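A.B. asks: Sequence order for the protein chains is R and B.
If you count the first sequence from 1, position 349 lands on 349 in the UniProt record's numbering, and the numbers rise without skipping.
If you count the second sequence from 1, position 110 lands on 110 in the UniProt record's numbering, and the numbers rise without skipping.
Hint data in this document are derived by calculation from the structure and do not stem from the laboratory.
Quick caveat, the model's predicted, so the values are computed rather than measured.
We treat Cβ as the ideally placed atom computed from N, Cα and C, and that holds for glycine.
Hints are supplied without guarantee of correctness; some may be wrong.
As the list claims (entries may be wrong) - In silico EDC-like pairs for lysine to aspartate or glutamate, Cα to Cα no more than 20 Å straight-line:
id	chain 1	residue 1	chain 2	residue 2
1	R	Lys115	R	Asp306
2	B	Lys115	R	Glu146
3	B	Lys115	B	Asp270
4	R	Lys115	R	Asp270
5	R	Lys115	R	Glu93
6	R	Lys115	B	Asp270
Stated by the list, open to error - Simulated restraints, written as ranges between beta carbons of each label pair:
id	chain 1	residue 1	chain 2	residue 2	range
7	B	Leu110	R	Asp335	29 to 39 Å
8	R	Arg168	B	Pro226	39 to 49 Å
9	R	Gly148	B	Arg104	26 to 36 Å
10	R	Arg18	B	Asp58	57 to 67 Å
11	R	Ala107	B	Pro346	34 to 44 Å
12	B	Tyr261	R	Glu55	36 to 46 Å
As the list claims (entries may be wrong) - Among chain R residues calculated to face chain B with C-beta under 10 Å, some are:
id	residue
13	His122
14	Thr127
15	Tyr241
16	Gly244
17	Arg265
18	Thr288
Protein chains: 2
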Amino acid sequence: MSLGAAAYGVFSVGDGPRRLGALAGDRVLDLSAAGIFAATSLNPLLAAGPAVWREVHDRLADVALEEHTHPAGTVRMHRPFDVADYADFYASEHHATNVGRIFRPDAPPLHPNWKHLPIGYHGRAGTVVVSGTDIRRPAGPLGPGEFGPTRKLDFEAEVGFVVGVPSRGPVRCDDFAAHVFGVCLVNDWSARDVQRWEATPLGPFLGKSFATSIGAWVVPLHALAPARTAAPRQEPLPLPYLRGDRPWALDLEIEIRINGYVVSRPRFADMYWTPDQMLAHLTVNGATLRTGDLFASGTISGPARDRRGCLLELSWDGRDPLPLPDGGSRTYLEDGDTVSISATGPAGVSLGTVTGTVRPHS
Amino acid sequence: MSLGAAAYGVFSVGDGPRRLGALAGDRVLDLSAAGIFAATSLNPLLAAGPAVWREVHDRLADVALEEHTHPAGTVRMHRPFDVADYADFYASEHHATNVGRIFRPDAPPLHPNWKHLPIGYHGRAGTVVVSGTDIRRPAGPLGPGEFGPTRKLDFEAEVGFVVGVPSRGPVRCDDFAAHVFGVCLVNDWSARDVQRWEATPLGPFLGKSFATSIGAWVVPLHALAPARTAAPRQEPLPLPYLRGDRPWALDLEIEIRINGYVVSRPRFADMYWTPDQMLAHLTVNGATLRTGDLFASGTISGPARDRRGCLLELSWDGRDPLPLPDGGSRTYLEDGDTVSISATGPAGVSLGTVTGTVRPHS
């Protein structure tokens, strides 16, 4: 067999140590055993930079060592990298518009700044967990004198970007691929009632910081070439630092399942702001970029109901429950619900799946 | 001589390696050379927990080794610990009220949630720098189609709390000292024009993420015993998770200097929310607490003008310039300005000084 690495992750077998692995089809290649790259997390590979990324990729194409691979179903996956800073954007116009319509029905749905800069905030890096980790329903303050487990537990289907090469100054849009190693799926779990109560004026805090799930596999940028597509038209024309020659718009179809039932199919190509713009924005003030930084797109939503990326939108904050094929329905997530988000693109591009099951508050 | 450690930091001499040091008076004890604790950052000591913190402290009292100390003026100080997550609160009622009056003069100055929970947000851990680091004036988006170096560069005088012992679940107010190692000064530099334009609806981002300075010395909690004081009366009574038996209110007088001139003297005892409440809030949703987490109080302001902790308040957003003794005045910081913030308390308690000089945008 011959492997063309589609994704990188960290795995272990039985009680064995963590090792870097490359996924090809349904096999995981042990990069250490194959003499290609020895590490217990992706961070050393992330830091090594594009020349090494390319070299590792090229060596994988030559590998024909059955003995260094494991069936993907037999390994245990771990969080693929240590997250330095985690920033989350709000880059879908459809999502931001729906949120505005739900919470501020008498005002213009988009805030005046929204089309002038990619709005973002910093999340909690310490609570980023790997796909498959159970999500405990969090408690928090819900209103004046009111405290308890969230009654509005939500998912957010997002795509995340993993930084390899650090920077101490602004990164231009066109230098995106010199710094970003690859892409993974993100589920930014949210407690909407906590978030609503706390978020004025400094933004979300406890409503987001209890858990963010990421996919176990990080797909390197070069493997996404077949998915590159035209960027959306942006009007008004963004500031010069947000203009690149070839934006990283990606044709990825996201599929969201609750307990196995497909409930939505957002398209990443419907995003207004592109990831190269997010990176340029994140660093334009001189903010340090570090190996292991993760920035995510924000909820991916499209114009139609069946392309919305979270239950806040899918159930219109609970006013219009989302029917499930089993006869049930959801306003927000119930204990025991499993949310699985996957993404595929042209020519076999896949980001895999990020999944998590809601456990009761305790 | 005999040392009673007042603070811990990381220093180097000449081109030598980084070493853990204890400050006593104007001497720095090399903890490694003295055989007490060998490390190149505070993190291993932070992680070791209260029993080791106490043991290290006790051993320092016995040290009488002149040869392992250096005059403080001859060593170079480094960032004392690797910051895991950085959260910043907004715990001064006077500060939040002034901000409300400045930006929303026709509305109640405090948002409805303010007295029900300690409002906070996550900042960028990667841009936390040690005292003495120059601060480059950042550029960013300032309004529709408008971009450039900030015209409203500000400081924020704060106190920060350094987490030692991790937690995977809520930390009660009364368990504060089982997790928090100590305290340092913080200057949360802010670009008020960038912040104003970007911060709706997800909070501050580029307006804060270019630099946060921390003091070189972390003062362990036990050294702050003489500064403990009565907590402010809180009305309405906070939720049960925010009630401790002995809140960590601290009697510290902050002194803010611009180019050597004292411009304000905020008192930390004027804060509404106490640090044990901040920690309980930060973790009540199950958010992971890690060694090296830093959470800061937010701007420390008092009721009078000469006790306000940032230029936004001191100059009322530029409408009422702050006079300086040299005949000049400030609305916001000018290139070349040096801001120094120090803090002292009863019985010789001192947090040292955090300082930084503004360099032109380039």
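A.B. asks: Against this structure, judge whether each hint is valid.
C.D. replies: To see whether the hints hold, each was checked on the structure:
no.: 1; hint: R:Lys115 x R:Asp306; verdict: 24 Å, violated
no.: 2; hint: B:Lys115 x R:Glu146; verdict: 13 Å, holds
no.: 3; hint: B:Lys115 x B:Asp270; verdict: 15 Å, holds
no.: 4; hint: R:Lys115 x R:Asp270; verdict: 15 Å, holds
no.: 5; hint: R:Lys115 x R:Glu93; verdict: 9 Å, holds
no.: 6; hint: R:Lys115 x B:Asp270; verdict: 40 Å, violated
no.: 7; hint: B:Leu110 x R:Asp335: 29 to 39 Å; verdict: 36 Å, holds
no.: 8; hint: R:Arg168 x B:Pro226: 39 to 49 Å; verdict: 41 Å, holds
no.: 9; hint: R:Gly148 x B:Arg104: 26 to 36 Å; verdict: 30 Å, holds
no.: 10; hint: R:Arg18 x B:Asp58: 57 to 67 Å; verdict: 38 Å, violated
no.: 11; hint: R:Ala107 x B:Pro346: 34 to 44 Å; verdict: 51 Å, violated
no.: 12; hint: B:Tyr261 x R:Glu55: 36 to 46 Å; verdict: 57 Å, violated
no.: 13; hint: His122; verdict: 4 Å, holds
no.: 14; hint: Thr127; verdict: 5 Å, holds
no.: 15; hint: Tyr241; verdict: 7 Å, holds
no.: 16; hint: Gly244; verdict: 16 Å, violated
no.: 17; hint: Arg265; verdict: 26 Å, violated
no.: 18; hint: Thr288; verdict: 4 Å, holds
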